[in-house]
Every structure is written in structure tokens, then in C-alpha cells.
Amino acid sequence: MVPVIKISNLDKYFGRLHVLKDIRLDVMPREVVCLIGRSGSGKSTLLRCINFLEEPSHGSIEVDGIKVEGGEKGKLHRQLVHDVRLKTGMVFQEFNLFPHMSVLENVIEGPVIVKGMDRQKAVELAQQNLDNVGLLFKKDEYPNRLSGGQKQRVAIARALTMEPKVMLFDEPTSALDPELIGEVLNVMKKLAYEGMTMIVVTHEMGFAREVADRVLVMADGELIEDSKPADLFGSPKDPRTKALIERYRSGEQ
Amino acid sequence: MNIFSKKQDVPKSQAELIYQAQANKERHFRTNVGISWFILLFILVFTFSGQDLTIGSKTFSGIKIDTVFMANNLSFIAGGLAETIKISIMSIALAMMLALLAALGRLSTFPPIYALSTFYVSLIRGTPLYLQIFFFFLALPQLGIRLPGIIAGVLALGLNYGAYMSEIFRAALSSVGKGQREAAIAIGMTPAQTMRRIVLPQALRFAIPPTGNEFIAMTKDSALVSATGFVHELMWRSVKVGRAQFHTLEALIMAAIFYWGMTLILSYVQNRIEARLSKGDR
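Protein chains in written order, with numbering that gives the first Met the number 0: chain A, 0 to 252; chain B, 0 to 281.
No lab work stands behind these hints, which were simulated from the structure alone.
One or more hints might be untrue.
Now the stretches of chain A that chain B is said to cover, found in silico as 3 or more residues with beta-carbon under 8 Å [said to hold, decoys possible]:
no.: 1; segment: 4 to 12
no.: 2; segment: 38 to 46
no.: 3; segment: 56 to 66
Computed spacing ranges between beta-carbons, pair by pair [unchecked claim]:
no.: 4; chain 1: B; residue 1: V268; chain 2: A; residue 2: E68; range: 38 to 46 Å
no.: 5; chain 1: A; residue 1: E104; chain 2: B; residue 2: I207; range: 14 to 22 Å
no.: 6; chain 1: A; residue 1: H202; chain 2: B; residue 2: L276; range: 33 to 41 Å
no.: 7; chain 1: A; residue 1: A229; chain 2: B; residue 2: Q21; range: 38 to 46 Å
no.: 8; chain 1: A; residue 1: G205; chain 2: B; residue 2: Q21; range: 40 to 48 Å
no.: 9; chain 1: B; residue 1: W36; chain 2: A; residue 2: E104; range: 57 to 65 Å
no.: 10; chain 1: A; residue 1: G70; chain 2: B; residue 2: I264; range: 43 to 51 Å
no.: 11; chain 1: B; residue 1: Q192; chain 2: A; residue 2: P2; range: 29 to 37 Å
no.: 12; chain 1: B; residue 1: Q141; chain 2: A; residue 2: E68; range: 41 to 49 Å
no.: 13; chain 1: A; residue 1: F13; chain 2: B; residue 2: I144; range: 49 to 57 Å
no.: 14; chain 1: A; residue 1: S56; chain 2: B; residue 2: T262; range: 51 to 59 Å
no.: 15; chain 1: B; residue 1: W36; chain 2: A; residue 2: Q127; range: 53 to 61 Å
no.: 16; chain 1: A; residue 1: G70; chain 2: B; residue 2: L137; range: 34 to 42 Å
Once the Cα atoms are required to be at most 25 Å apart in a straight line, the calculated SDA-like pairs of lysine to any residue come out as [claimed, not checked]:
no.: 17; chain 1: A; residue 1: K66; chain 2: B; residue 2: R275
no.: 18; chain 1: A; residue 1: K74; chain 2: B; residue 2: M194
no.: 19; chain 1: A; residue 1: K241; chain 2: A; residue 2: G194
no.: 20; chain 1: A; residue 1: K138; chain 2: B; residue 2: R275
no.: 21; chain 1: A; residue 1: K114; chain 2: B; residue 2: R275
no.: 22; chain 1: A; residue 1: K72; chain 2: B; residue 2: E181
no.: 23; chain 1: B; residue 1: K177; chain 2: A; residue 2: K5
If you're wondering where the values come from, they're calculated on a predicted model, not measured in any experiment.
Every residue gets a Cβ at the ideal spot worked out from N, C-alpha and C, and that includes glycine.
Looking at chain A on its own, in the form it has when it is part of the complex (with noise of 0.2 Å):
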């Protein structure tokens, strides 16, 4: 199989800062791959790079085929960089949606601005989108009147209405209150079953655990573990691995 995102000898800089230390990582089809680490260890800026939100340095991306090498300029780059965001959905930790749109045009503005699609069949998405994700009922409603899991959960539907190849998560659940993170975790576990392929960057072990097919371990602006959510969180190798489960063991007693 080949894989959808394949990531070669990426690194990043800010300035003199070096973040992000010759990444290789390849991803397949319908894979659910969940990215922890310390903050500060890159994984947030990692995820950025994928759909260049933040611009690699070196290196290069390849999603569904289409390969952008990083640090590059002009008109060929941009027109490569804007196929790759076509095929990438992000899910944000702060929801960000548009507050001056209803919830169904927020969700519909993507397909209709960006693709050209016709109104009515973006419409017929959304609202199919919506009700996947519980919140047909809401789509007349303005963001400011929703919830924090409320919004990210429409969020989810206005990513997934572009139909992309991959949804990446920016620590959805972050930003949330305890009690309305399951809801956000459960839709993101339908999506999973669905077959969707997902990079999600998160704090939430247990949803690692349940949901991913591989866990990544960042430090340092290196990925220094890649394995099973069982072996990961049954015998880690590293010991900032160790570190990092023993931290989130306790923090969840």
C-alpha cells in the first residue's frame, strides 16, 4: 500500500532555534496516528507543517501523491502547497470559527469559496456533515451561541465537508472544560471507525490508547518513538517516554 502523507528529512527553524530534527514519517490509508509529547517538543508545529501552515525549512511533504519540498518560493510552490490543503482538514484547539457566519455557513463556505461547488449540494454535505456530528439542529445558530464542544464538533463538520484525504487534530479537546471533552473524543472515534485517516496532536492518553493504530512520541524536536498504543504504553523504550506516561498516570489519578 502506499502511504497517504509521507514525510523525508523534514526540519524546521525559528529562527536560530532548530524545532523540528530531520522528521521521517509515513502514514497509510484509514491509519489513526495520535502524536504526544511534552509542550514544546514540536509536535504542534509538526502537524502545521503538514498542511504548511507553518513553511519546513527542508525536506519534504507528500500527500496523496502530491509533493511540496519545503523552503521553496513561487508560483508553482503555492499552487502545490494549495492542492496539499485541499486533501487536509485541521481541527484547531481553539475551534476558530467564523463568527460572523451561522454554523451552516461556516461549514459550507470551504466547498462554496474555495471549490467552487455548487450552493445546494454544499448544503446537502453539510447538513449530512452536521448530523454526523449531532448538530443538524444547530445550523442556523451563530458560533457564539455554542458551546466549547459544541463549536469544535462543527469545526469537525466544516473540515470534513472539504473532504479531505486526512483530518489533522490540533489538540482538539484542549481548550475545553472536562465535561465536554467526551463529546468531541466520541465523534473523533466515529470518524476513526469510519476509516478516516487521522493525525491527532493530544494530552488525552486514553483516547491514544483506544483509538490509534500507532503513537508518536516527540521530544526535542525529535520523533524518538513509534509504536503500538499497547506496546507504547505497556513497556516504553525511551525513558522520556517513561517519563512522559508516568506524568500523565498520575495526572489522571
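For this one, chain A is given, so just place chain B on it according to the hints.
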């Protein structure tokens, strides 16, 4: 049994009581301010009423003004109102466009554009509005450029207010969070689409209340245009008839009433818009 009145049957919570006390205090304050305003207004009107008022052993006399003159010239001076409003609306429209362009220029990373924007703002803010108005009316004709009075006035006011308002629009644009741009980029929007569909609508909503304030200020600054003699708005007309019949006091009082009334109406509209916008933003 019925020693409690019906109202006291439901005991009020502490929070409710505190809220009520605060609301009472607020209402009390507003009433007193209202009364004081009324007294001040009475004193002002009395001052120009020509009437005598005796309080105890003291008698105060108001200044006598010629009401016949005022009645005779009411329609002439009021005729300037339309011109004043016309100049103000056209100028604010021009000012908003320039302010938006200047604000976008300020956020540009392309040096010539950034420079053009800051240069414009600096030049306009560094010279008097009065000078700028005379530049368009009197200096341009020397170069063979003769603009109709109203166009010259609108250009001067629009350019001037555009420079000052660019700060409002800059703040409005930066009020739209980085996350909004990122969300738009992530669904594949181009920078132009992001600006037009996501950033501008939110920024404009932010900019509406302060722009309203500028508009109110502009209706009054438009009086400066009268100094050139080419635009027959409120101020020009009142000075004209006042001088001709040696009744400038009456003429200016009339113009002042028109300006003040206009300002009050616009402020009211402004408050309503602001209240509505803040409701939607909650």
C-alpha cells in the same frame, strides 16, 4: 396569617437584592443628571430670551435677541443643512476608503506600500485641516485645476479624516485573531479570499462605532469649508445673513441649534447601532 403581602411571599436571593440596589442607584443617578441638564438648558435659553427673572430681591435680565430676524432667515439658513449633510456623507465615504487602504498599507510587508501609507498619514496629520481645505480651493486653481466647490471640500475633508481614521481601521484589522486567518488558509482560501470573506467583515463590524464618532465630528468640521465661500452650507449661510444685517449673534445661535440637534440625533443613532452590534457579539 396574611401579614405578608403577596410580593414578600417569594424571598429574593442575595444576588437579586444586590442587583436591584445597583440598578436603583444607577436610575437615581440618571434622574439627577437629567434634572441638572434641564436646569442648564433653562439657564442657556433664558440667557438669550430677553425676559426678566426675579428671584428674591435680585432681578436677572436675559439678552434681547431679534426673533423677527430669526424667523425671516430660518428657511435660508436651514437650506444649508442639506449641503452640510451631503458634504459629510460624501467625505466620510471617501475617508473610509482611504482609511482602509492606509490601514492595509500599514500591515503590508512590502516597503514601498508601507511607506506610502505612513507618508500619507504623516503629511495629513502634520498639517492643519484649515490649510488643506484652502489648498484644494485656492492653491489648486493657481495650477489651473479648478474643482467644483463641493468636490474640493469633500476631497479635503475625506483625505484629512482618512488619515486619522486609518488608525481605527488598523486596530479593527488587528482585532481579527490569527486563528481566523489560519482557519481560512487551512480550508484553502487564498490571501485575497481570506481578507474579503473572513477578515474584512469582522474588522468592519469592529470599526463601525468609532467611524460613527468620526462622522459626527465631521458634520461639524464641514463648517470649515464655508471659509472658502464656495460651498453654501449651514455655516456659510448663517455668517452671510448675519453679517449683512448685523445680526451675527442670532444667525450663529440658529446655526448652533442646527449643529447641536444634528449631533444629538446622530449620537442617538450611533448608540442604537452600537447596542445592536454588541448584542450580536456576545
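Are there hints from earlier that the structure breaks, and if so, what are their numbers?
1, 2, 3, 4, 7, 9, 10, 12, 16, 17, 19, 21, 23
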